[in-house]
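Asker: Just so you know, the protein sequences line up as chains D and C, in that order. Note that numbering that gives the first Met the number 0 gives residue 126 to position 127 of the first sequence, counting from 1, and the numbers run on in steps of one. Note that numbering that gives the first Met the number 0 gives residue 60 to position 61 of the second sequence, counting from 1, and the numbers run on in steps of one.
Source of the hints: derived by calculation from the structure; they are not laboratory data. There could be a bad hint or two in this list.
[Claimed, not checked] Here are a few chain D residues that face chain C, going by a calculated C-beta distance under 8 Å:
{"hint": "1", "residue": "VAL15"}
{"hint": "2", "residue": "LEU32"}
{"hint": "3", "residue": "THR44"}
{"hint": "4", "residue": "ILE49"}
{"hint": "5", "residue": "SER51"}
{"hint": "6", "residue": "ALA56"}
{"hint": "7", "residue": "ILE105"}
{"hint": "8", "residue": "CYS154"}
{"hint": "9", "residue": "GLN155"}
{"hint": "10", "residue": "LYS191"}
{"hint": "11", "residue": "GLY194"}
{"hint": "12", "residue": "HIS197"}
{"hint": "13", "residue": "THR200"}
{"hint": "14", "residue": "LEU274"}
[To be verified] Just so you have them, the derived chain C footprint on chain D, three or more residues with Cβ under 8 Å:
{"hint": "15", "stretch": "156–166"}
{"hint": "16", "stretch": "204–210"}
For each residue, glycine too, the CB sits at the ideal point set by N, CA and C.
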Amino acid sequence: MNYLYYPGCSLEGTAVEYNISTKRFMREVGANLIELEDWTCCGATAVESISSLLSLALPARNLAIAEKAESADEILVPCSACYLNLKKVEEKTKKDPEVLAELNEILAEEQLQLKGRVRVRHLLDVLSRDLTPKDIESRVKKSLAPFRIAPYYGCQCLRPYPVFDDPESPRSMEPLIEATGATVHSWKMGTKCCGASHMNTKMEVGLELVGAILKGARGADAIVTVCPMCQINLEAYQNKISKINGEDLQISILYLPQLLGLAVGLQEEDVGLDLNLAVSKEFHKKLTGIDILA
Amino acid sequence: MKSRSLKPLTPSLKERSNHDSDKGRNMSQSPQKENEYETSPPHDTLAPVKDMVRACIQCGTCTGSCPNAFAMDMTPRKLWRMVLLDRKDEIFQSRTFTLCSACYYCTLRCPRGLPLTEAMGKLKQIAARENLKAHKKSIRFYKSFLDSVRRHGRVHEMEFMTLYFLSMKDPFMPLKFTSLGMKLMGKRKVSIEIPSREPNSLEAIFRKVEEMEERI
Ligand code: SF4
Ligand code: SF4
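Chain C extracted, bound-state conformation:
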């Protein structure tokens, strides 16, 4: 039995070769403490991802189908191998999972029928939950988006971009978007008005989801 306490970042060789003994492990707990890991989350957070890719036969179809493979520092095929070997350092130092644009080609084509896009999503969730610094940019982007949704019920594009820039603490970021912003404003497609859904925020639903996720 593996212990549930926080483990050193790099698993021992023995653990690596033991990954099959994970089958049937209880997935119902994972340490949820805030932590200061720079790149890598604590020990058994990978369990749900492992369950998703356990049947991988390393055929490489996912890599061959991925439109973003050219920009990845680790191929999807290798990523799944690393997941099964519990190599969190390699996984979360790599930007492979952040480069998944959810095109679902791999999910469609994987000969083992594995839910690979969902597995990529799970890795993104782990990175977001652990606030991994290496992936700050994408995580901030998603969080600002959902903050806006939580408050207004619908996305308020201007507010969400502002939240994003603020949370990046990078005053030069908006410059990258200026030309698109100008184009959209020229077409009156972005407004600075707050949409009308304020009184009916999604607070109750967001809060309930958080409560249920803590139960797990």
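Isolated chain D, as found in the complex:
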């Protein structure tokens, strides 16, 4: 399995552990990630507020580079915001040749051209459809049976383009979590919005949204995420939110490939667990208490 790989800016900064664990886990299951050379920012969530054309041009540049690569024709994207930006270009150029022509006029500035050959895929899409639960089960060295895990999908990996799962009640993470031996915490908050960049510009609103999600996770050992923005919103403000709500709402927050990696026997540092902002002592304790399967 060969995939082109677009890590995106967050995975080089606040979400390095997502980068580390994605690469490591994919290698573990025999997938080959080829990082795009010279990739640039996709515009994140900011660009849509400034210019529609730029919001297509920035991801288009990366897709054009991906087409040149020729070593694979699918591009794997772990960040949901990057994924949506890239996917939007794929979808819009497929439907509207005028958009494609416009983008190519811009890309000509860098002697690049977009034909529409590359398919954009979210990490969760690849994990849930190109792998089978058996692929994971057969590799499990550390059964995560003591853990109860809440799957958090967030918004942009399934909306507005529900490519690989039901955008109202997704289940794609459940077989993956179960394959590790862990129990799925069933809840209603898995597709609710974390507020995205509200934490920067309208913090009170962001705190309210994340508070509701943390409350929904009561009883779970951890929430797993598939997006750097969701991750940091869920992990970085737990103290503040607990104070506001007069209740201890602290909970461990992990990226999905970190959880999967731990189950297949990777060490905590192999999946960058020391870099997370919210992993509780109890979580560590449970983890070290598990016997390694022979």
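Dock chain C with the ligands against chain D, hints included.
Answerer: Frame of chain D, contents of chain C with the ligands only:
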């Protein structure tokens, strides 16, 4: 035919009831002059948004689906009504559109299949283009972000936050971020080094996009 010159901020009643005659209007021009409006942009900037929500049947599904509705001073359903009525004052004095966090629930569920998240984005773009003071904070945030991207090709988180604080001219702003900043620095996740992409900025692409947008 409506005139294309700048109009008074509040459209007359006649114009309000005439919004349907906008169908098929030529969208290819809009006044781009700098202006000092405090809260509201000039006249026909709303045309592309109107086109997006024209088929709205006011069912309220968007409002019922919006996670941020609790914090909005005008519901999304009402916002679309105001757009179709050309009520720019109400729209841009309200902070409803700035509270859209692009969760795409409304877009997914709208029974008319309207691109509502994109329409929210368009309103944000209008506010940014017109530099509306009421929305200074979010606009500055987005602009600093893109300045950093334009220069380096990738986001440089520290630089972008610094640009943001500078442009807000509010020395106390960073305090709100101190605890997160400390946490991230403790994990060596934010550095003060400039990333390596300097020689390959996105200047050419940004400039071309600006040029093409001016053509419209
Ligand atoms: S869901 Fe669609 S049709 Fe219903 S009020 Fe909202 S925009 Fe109008
Ligand atoms: S996309 Fe924006 S307006 Fe629509 S439901 Fe989500 S936050 Fe509300």
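Asker: Taking 8 Å as the limit, does the beta-carbon of D/LEU274 come near enough to a beta-carbon in chain C?
Answerer: Holds - the Cβ of D/LEU274 comes within 8 Å of chain C, reaching about 5 Å at its closest.
Asker: Tell me if the interface restraint on D/THR44 is satisfied: Cβ within less than 8 Å of some Cβ in chain C.
Answerer: It holds, given that the least Cβ distance between D/THR44 and chain C is near 6 Å, below 8 Å.
Asker: Let me know if the C-beta of D/HIS197 comes in closer than 8 Å to any C-beta of chain C, holds or violated.
Answerer: Interface hint status for D/HIS197: holds (6 Å vs cutoff 8 Å).
Asker: Please verify that hint: D/GLY194, Cβ, nearest Cβ of chain C, below 8 Å or not.
Answerer: Holds: closest Cβ of chain C sits about 5 Å from D/GLY194, inside 8 Å.
Asker: Less than 8 Å between beta-carbons is the criterion; does D/ALA56 satisfy it with respect to chain C?
Answerer: This hint holds: D/ALA56 lies near chain C, its Cβ roughly 5 Å from the closest one there, short of 8 Å.
Asker: Next item in the hint list is D/ILE49. Is there a CB on chain C closer than 8 Å to its CB?
Answerer: This interface hint holds because 5 Å falls under the 8 Å limit.
Asker: Under 8 Å is the threshold here; is the Cβ of D/THR200 close enough to any Cβ of chain C for the hint to stand?
Answerer: holds (5 Å)
Asker: Within the stretch 156–166 of chain D, is the number of residues with a Cβ closer than 8 Å to a Cβ of chain C three or more?
Answerer: holds (count 4)
Asker: Does the closest beta carbon of chain C sit nearer than 8 Å to the beta carbon of D/CYS154?
Answerer: holds (4 Å)
Asker: Three residues minimum, CB to CB under 8 Å: does the stretch 204–210 of chain D make the cut for coverage by chain C? Let me know.
Answerer: It holds: at least three residues are needed, and the stretch 204–210 of chain D offers 3 whose Cβ sits within less than 8 Å of chain C.
Asker: Tell me if D/LEU32 is really an interface residue toward chain C, meaning its C-beta lies closer than 8 Å to one of theirs.
Answerer: violated (18 Å)
Asker: Minimum Cβ distance from D/GLN155 to chain C below 8 Å?
Answerer: holds (7 Å)
The structure shown violates just one earlier hint, number 2.
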